[in-house]
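Please take these sequences and the hints and turn them into a complete structure.
Protein chains in written order, with our numbering: chain A, 1 to 110; chain B, 111 to 353.
Honestly, I wouldn't trust all of these hints.
As the list claims (entries may be wrong) - The calculated BS3-like cross-link candidates involving lysine-lysine, where the alpha carbons are at most 27 Å apart (straight line), are:
| no. | chain 1 | residue 1 | chain 2 | residue 2 |
| --- | --- | --- | --- | --- |
| 1 | B | 268 | A | 12 |
| 2 | B | 203 | B | 310 |
| 3 | B | 230 | B | 263 |
| 4 | A | 12 | B | 202 |
| 5 | B | 228 | B | 201 |
| 6 | B | 202 | B | 268 |
| 7 | B | 201 | B | 268 |
| 8 | A | 12 | B | 203 |
| 9 | B | 257 | B | 223 |
Unchecked claim - Computed Cβ-Cβ distance ranges for the label pairs, DEER-style:
| no. | chain 1 | residue 1 | chain 2 | residue 2 | range |
| --- | --- | --- | --- | --- | --- |
| 10 | A | 91 | B | 296 | 23 to 31 Å |
| 11 | A | 66 | B | 229 | 42 to 50 Å |
| 12 | B | 118 | A | 33 | 48 to 56 Å |
| 13 | A | 41 | B | 318 | 41 to 49 Å |
| 14 | B | 261 | A | 13 | 42 to 50 Å |
| 15 | A | 36 | B | 299 | 33 to 41 Å |
Since the hints were made in silico from the structure, they are not lab data.
Where a beta carbon is used, it is the ideal one built from N, C-alpha and C, also for glycine.
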Amino acid sequence: MPEHSEHIVSPKIYLTIFLALILGTGLTTWAAFRNFGPFNIVIALAIATAKATLVVLFFMHARYGERRTRLVIVCALFWLAIMLALTLSDYQTRQPRMSRLISRAAYYAA
Amino acid sequence: MHRTGELYGQFQTLEQQKESATLGMKLSVQFSGAMHSVLLFSYTINRHYFFTAFGIGSNTLDITLGTVNTIVLIMSSFTMAMAVWSAQTGKKKLVPLFLILTLSLGCVFLGIKFVEYKQKFEHHLIPGRNFDITYRSSRPAPGDDPKEIALEKEEVEKALASDPDADSHAQLYFSLYFAMTGLHALHMLVGVGLIVWLIKASLRGRFTPQYNTPVEIVGLYWHFVDIVWIYLFPLLYLIDRHR
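Next up, the structure:
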């Protein structure tokens, strides 16, 4: 039975991805020690997402997979986005009540 | 149960059989990802409200151990990918070798994690009755860097001045720290068990270019565990390092 769909990724590509991931780790640690104001978290998450994407595409072979796999990945991200948006919008609209939690004394006084 | 890669009745081709197996693992890691995401949302919201306390909590973590662990886990992902490659190309002797490397790196990661947990225990940073964010800076051990301790003391005092409940809020950070790294470590333990099983099978020469599905799907699982750590590392260790 010929397995024409199986794509064998060469060790050269694995090694390149590995080095890119190490570089990303160095970069994120370096950036954390510098003050970019509100952008520190943006930079950290951008680097983490880039690293995760490399792992999914190459180590997990999503780049070479069939289209159904890609559909599954995209759907998962989409549902995650819904969960995130609804959860955060709930907290966003409860601002006055949540801020009471910041001080326990104020919470019990209220 | 036979696991020799023969065609099961419900599939039409071996290719379809393998695709179904990998798709199953991809779905199952997505469920696991959803589980981690719930903790991540809790983290996001609490970090937003109690940023100062989360910052000092994060700064008590050992950045060197954290970075080393990240590199160790990335290396183990690389050796796992190489194990998959060896199985696909029929290099039967390399498969157990790469799997043993992956297993050792995984164990190094768990060992370092254990050392970190132990430090937190000694510094009274386990959420609960004896939690004390000022403990370490007020009782420096002989091996501690005095400059580091002074910095931590100043930071904790400043936080307590601006937020009288900083101690409770730092407990929130540590609860999330232990929940998130604990769930991740639990996944690692499962992965270690799976790799031990693969090593045993690969030493018997079970994996060939025609049949390597177990190596491939355990690989998918292991890479997923790596991805979780890729997010946990900056979120837990690097909140507020530029002090």
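Tested hints:
no., hint, verdict
1, B:268 / A:12, "51 Å, violated"
2, B:203 / B:310, "13 Å, holds"
3, B:230 / B:263, "17 Å, holds"
4, A:12 / B:202, "20 Å, holds"
5, B:228 / B:201, "41 Å, violated"
6, B:202 / B:268, "60 Å, violated"
7, B:201 / B:268, "60 Å, violated"
8, A:12 / B:203, "20 Å, holds"
9, B:257 / B:223, "25 Å, holds"
10, A:91 / B:296: 23 to 31 Å, "28 Å, holds"
11, A:66 / B:229: 42 to 50 Å, "46 Å, holds"
12, B:118 / A:33: 48 to 56 Å, "54 Å, holds"
13, A:41 / B:318: 41 to 49 Å, "47 Å, holds"
14, B:261 / A:13: 42 to 50 Å, "43 Å, holds"
15, A:36 / B:299: 33 to 41 Å, "37 Å, holds"
Going through the hint list in order, the structure does not satisfy hints 1, 5, 6 and 7.
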